[in-house]
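Same order as they appear, the protein sequences are chains A and B.
According to this note's numbering, the first sequence is numbered sequentially starting from 1.
According to this note's numbering, the second sequence is numbered sequentially starting from 1.
Calculated from the structure, these hints are not laboratory results.
Given the structure is predicted, the values throughout are model-derived calculations rather than measurements.
One or more hints might be untrue.
List time: in silico SDA-like cross-link candidates among lysine to any residue, alpha-carbon distance up to 25 Å [stated by the list, open to error]:
{"id": "1", "chain 1": "B", "residue 1": "K373", "chain 2": "B", "residue 2": "Y406"}
{"id": "2", "chain 1": "A", "residue 1": "K154", "chain 2": "A", "residue 2": "D199"}
{"id": "3", "chain 1": "A", "residue 1": "K253", "chain 2": "B", "residue 2": "L155"}
{"id": "4", "chain 1": "A", "residue 1": "K547", "chain 2": "A", "residue 2": "D502"}
{"id": "5", "chain 1": "A", "residue 1": "K706", "chain 2": "A", "residue 2": "Q729"}
{"id": "6", "chain 1": "B", "residue 1": "K293", "chain 2": "B", "residue 2": "S314"}
{"id": "7", "chain 1": "A", "residue 1": "K253", "chain 2": "B", "residue 2": "D277"}
{"id": "8", "chain 1": "B", "residue 1": "K367", "chain 2": "B", "residue 2": "R345"}
{"id": "9", "chain 1": "A", "residue 1": "K344", "chain 2": "B", "residue 2": "G352"}
{"id": "10", "chain 1": "B", "residue 1": "K189", "chain 2": "A", "residue 2": "R402"}
{"id": "11", "chain 1": "A", "residue 1": "K253", "chain 2": "B", "residue 2": "R345"}
{"id": "12", "chain 1": "A", "residue 1": "K103", "chain 2": "B", "residue 2": "K373"}
{"id": "13", "chain 1": "B", "residue 1": "K346", "chain 2": "A", "residue 2": "D502"}
{"id": "14", "chain 1": "A", "residue 1": "K164", "chain 2": "A", "residue 2": "D199"}
{"id": "15", "chain 1": "A", "residue 1": "K682", "chain 2": "A", "residue 2": "R730"}
{"id": "16", "chain 1": "A", "residue 1": "K208", "chain 2": "A", "residue 2": "D136"}
{"id": "17", "chain 1": "A", "residue 1": "K540", "chain 2": "B", "residue 2": "R345"}
{"id": "18", "chain 1": "B", "residue 1": "K346", "chain 2": "A", "residue 2": "D136"}
{"id": "19", "chain 1": "B", "residue 1": "K346", "chain 2": "A", "residue 2": "V431"}
{"id": "20", "chain 1": "A", "residue 1": "K383", "chain 2": "B", "residue 2": "R194"}
{"id": "21", "chain 1": "A", "residue 1": "K344", "chain 2": "B", "residue 2": "E288"}
{"id": "22", "chain 1": "A", "residue 1": "K682", "chain 2": "A", "residue 2": "K706"}
{"id": "23", "chain 1": "A", "residue 1": "K695", "chain 2": "B", "residue 2": "E288"}
{"id": "24", "chain 1": "A", "residue 1": "K208", "chain 2": "B", "residue 2": "Y103"}
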Amino acid sequence: MEPRKIAISIVLCGVVTFALRVGTFGQQPPVPESDLVAILKSDAPKGDKALACKKLAVFGTAQAVPVLAPLLADPELASWARIALEAIPDPACDAALREAAGKLDGRLAVGVINSIGVRRDPQAIEVLTQRLGDNDVDVAAAAAAALGRIGGEKAIAALRSALKHTSPIVRNAAAEGLLSCADRYLGEGNAAAAQQLYDLVRSADVPKPRRVEATRGAILARGVDGLSLLVEQLKSNDKDLVAIALSTAREIKGPAVAQALVAELGPIAAAPQQRPPVLVIKSARYGAGDRWVDVTEALRAAVRNNSLQVEASNSLAGDPAPGVVKELQIVYSLGDQEFSLRVKEGEMIRLGEGGKPADPRQAAILEALADIGDPAGIATIVKAAQEADWALRLVAVRLLGRLGDASAVPVLVSAATEGGELAQAAAESLVQLAGQGVDEAILKSLQSAQGPQRVVLLQAAGERLLGAALPTALADMNSDDPTVRTAAIRALGMIVPLEQLDVLIARLLKPVDDQDFQTVREALTIACSRMPELDAAAAKLMAVWPKASTRVRIAIVEILGTMGGQAALRGLAQAARDSEDEVQDAVTRVLGEWMSADAAPVLLDLARTGNPRYRIRALRGYIRIARQLDVPLNDRIAMCRNALAIAQRPEEKRLVLEVLRRYPTAEGLQLSVAQLAVPELKAEAAETAVQIAEKLPASDAAIVAKAMDQVIQAAPAAEILQRAQVLRQRTRQ
Amino acid sequence: MNRQRNHISRRSFLRTALGASATLAVPTFVSPRVLGMQGLAPASERIRLGGIGIGNRGTYDLGCFLQEPDVECVAIADVKLFRREQAKRMVDQHYGNNNCVTYRDFRELLDRPDIDAVLIATGPNWHCLASVLAAKAGKDVYCEKPVTKNITQSLILAETFRRTGRVFQAGTQRRNLPHFAFAVELAQKGRLGRLHTVYAHPAGMSTSMSGWAPAEPEPPKEEVDWDLYLGPAAWRPFNKRWLDGFNFEKGGGLVGGGVLEWGSHCVDLCQWANNADNTVPVEYYPPEGNQVKAKYANGVTLVLREEGWLPLGSCPVRFEGDRGWVETGDSGKLALSSPALLAGRKVAEIGGYPATFHVRDFLDCVKTRGKPKANADVACHSHIACHAVNIAIFLGRKLRFDPLKYEFIDDEQANRLRGEALREPWRF
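Please put together the full structure from these sequences, using the hints given.
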């Protein structure tokens, strides 16, 4: 798109549309200011005057003020006039607004006073002070707010008086005004003056939100001395005061506030509640027929406090089967019992039983401590992760991932063996832990850990990419304990270097059992994909091709597909010539989803000379690249030409026409017209040709004319014929 | 042991529910309307919610809130009679009662001291002002995007939520989706090398904005409160074409369009990837071809482009460093310069950009007073970036921006476009 075509337009009067084109707009107004002023002076419709005001906001000067000012008294145009008068940086605007503020009443006065507040005109204090005593409380309140924005001693004095006004609306506005003045004092470093105003509002007869805001200010203005005031709010039974204390503590940060929060947290004690059976989501999918989307992760993430409540709906992960009633299928366990169930779309599933912290306020304080990040707070969170009731432990375990250190490792390893949400959170935190000595602590624990703890540690070592765990993982891949064996193989997927990749490849050739094969295949996929030596890894995989079974060859093809890159592509080209149908099936499937355009020649070759059973799939993969991936335009059109030459069926030719429509070119137009001769494609070809022609520049007029003659001759549907005739007519002009 | 559990009948569920404690120990599944109030957490743990402006998007959002057992929606406000009644039906059906109270004027809803939080899903014309008024009334706010109409509003939004200590979450739910978060993590942690370019998809940089249309007979106030609908927007006569809300006065009527509509998502993600949640680009360029560029102080270039995207769904973003790149979109899929970037990680592929996680993040923060992923500071800066891009498009020239003063440097016209007067009697 050219820059000049990027237009921002304003619909005016329902019939006139102004297109303010960027290229012609620049620093100059679309029309001279004098013309805009003339519109305002004239009897033009109000819509025209409104738009003129809007333009004057950007391009107007003092010259426009005399025509804008009278509009302040017009209920329909006052808001438009103020758009300009608030924006034009000329004292004439202030003078006009002050004058109007002294004369107008009701809403119009409120508007003008609001604009004075926005412009912070110190010369308006006198008129605003007068209007502060207005009988109309809305006008008085507006004056108070404006005075607060302007600030200064005179304004503050007036606002102090207004704090005793009989109207709560005015008192509220006065409090807002004083808080603005106090904030400004605090920003300027005059904490004493700020504190005085905050304290004044805290003790005034004003709405509670103003007093809460004043409390925050009063804490901040007092600096370190404000901690006692903060703690006082934390002790309050008023949730709004507790809330402002917690958010203000995060603003203050530092060891002093952390210590104050720790002290306020109180003793952490396990509640005497029996732990509920642990809920574990094993797998879940949502959809219908053959269209499903895996929602396991979505549901796992939705488990809160050991319970899940969720509606079977498209909000889980979009709509995998539009227009069809879908269902949610879940396999889960509660304690040692496993269940599976199906839930119809629109119904709600509710699983598990949650606990709750004995003291919910403790959870909030732990969260605040985590945000503050001081060591005193971290130690408290580690303690809570061990000793608190289940629900508070869950909070602490999650927080440790963000800010824990080596001391959190044994706590998290222990929690990670408990199953369910707590275990999942602990395992994730174990991977996230960033403090010093964490890796060493994990390696040390691995030396002696057994059973479930060893599994957790192997998993953590793998996900933390701990290369030093390699010897342990290599040994454990032959463990008698299948859970340890599986964890070790998965860890190897994460950490095995190229030199020892053969160990996993050998295991793929000779797995312990089917489950072992799947685990090794997944680990190899990860290993080959993550290592920088992609080509060497692909070569190692292809080296065992001659002795690999069909199952292993298919696995290799899929691994190469995940890896991507030139060597993998060469491997796939070789695999595509395999004698086994199943292998060729896998190759064409993988190539059909290849994410870069370099697969195009391989697919073209397969479409031309490959196994006839998979030629159509290869051709569709080739067309997909032309349609979706990043290819120079000339190459894209050349690919369309190639595809049309090979395609035997109208279905694939239709896909090519779609590409041509998406990327309109003169050559594409000619290719489309050529398809008019195919009876099954005549209608689509004609429509495609017309669509392309409508988008081509005037320089292609001759090609368009010729093409439209052919379209017209083909006698397409009436609507297409008419468009073709219009185009033909246009090219004659 | 694997047991197939059959549907339990509505009647048997009711028996169970009536005989059970507040939290059910048995796994069960029911129609939400049957679960009703039984599905809620104890009253002391509930967040009492009010919905403001519940149209199409708002209905989806409200559904996400209603799913959460610790939320009780008690009121709906909408200037349109049809919509407030429709939303009330949805809420009442969910709880199996008739308790949801409706208001034409949202200020009555804000006056209720028993309401803790509000969902604001009005048109963009109202987003910022309603959020600010809600915060000043002591409510926490989940507000649909775009949350502001201009730069000044963005700053006021952040300042208000800082001052009031209220929790704010912009409806940019992609911040809480794993594939976007993972792409950001790659950029932030240097896994792509030195980050040099972040790409966003504005999905339309041209737009027609609302202005003035011929007067039509104004419906009764109870049916459509036109004055309240206009709210802070400059006055114009009633015309039903403006009533869609979604596009009315987006970006203040002069600038807006796709850069703001989609940029509030994808520019926001670019900001996040560049560790720029507290700043914005310092240079903005006029459009070139099908793209617009801006540059951050750290040298990273932000590119808004219409074409050149991999087929990864709507709202794509791409982050490029000198050692690699990542691209992702609403399909939930990731494209990487090398699969090695995954480092073996399995990133949950959640397509369809659900807001459920984002809503939950908000609710958790309502309880802990923490900052949600798309808090007011984050939203303020990502929206300022969008507004500044739009101003550069509008003026058609390079602009420089001071990210500390939040002013354009040596460009008075650009600075005039930072804010716009509100119609009387509204003010921040």
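Hint-by-hint comparison with the structure:
1. B:K373 <-> B:Y406: holds (23 Å)
2. A:K154 <-> A:D199: Roughly 19 Å separates the two Cα atoms, so the pair holds.
3. A:K253 <-> B:L155: Holds: K253 (chain A) and L155 (chain B) sit about 23 Å apart, inside 25 Å.
4. A:K547 <-> A:D502: holds (14 Å)
5. A:K706 <-> A:Q729: holds (12 Å)
6. B:K293 <-> B:S314: holds (20 Å)
7. A:K253 <-> B:D277: Distance ~19 Å between K253 (chain A) and D277 (chain B) Cα, so the pair holds.
8. B:K367 <-> B:R345: Distance of about 31 Å is beyond 25 Å: violated.
9. A:K344 <-> B:G352: holds (19 Å)
10. B:K189 <-> A:R402: holds (15 Å)
11. A:K253 <-> B:R345: Violated. K253 (chain A) to R345 (chain B) sits at ~34 Å, over the 25 Å cutoff.
12. A:K103 <-> B:K373: Outside the cut-off at roughly 48 Å; violated.
13. B:K346 <-> A:D502: holds (23 Å)
14. A:K164 <-> A:D199: holds (15 Å)
15. A:K682 <-> A:R730: holds (23 Å)
16. A:K208 <-> A:D136: Given pair K208 (chain A), D136 (chain A) holds - Cα atoms ~24 Å apart, limit 25 Å.
17. A:K540 <-> B:R345: Between K540 (chain A) and R345 (chain B) the Cα gap is close to 23 Å, so the pair holds against 25 Å.
18. B:K346 <-> A:D136: violated (64 Å)
19. B:K346 <-> A:V431: holds (13 Å)
20. A:K383 <-> B:R194: violated (39 Å)
21. A:K344 <-> B:E288: Outside the cut-off at roughly 50 Å; violated.
22. A:K682 <-> A:K706: holds (17 Å)
23. A:K695 <-> B:E288: Holds, at roughly 20 Å.
24. A:K208 <-> B:Y103: Holds, at about 23 Å.
In summary, the structure is inconsistent with hints 8, 11, 12, 18, 20 and 21 from the numbered list given earlier, while agreeing with the others.
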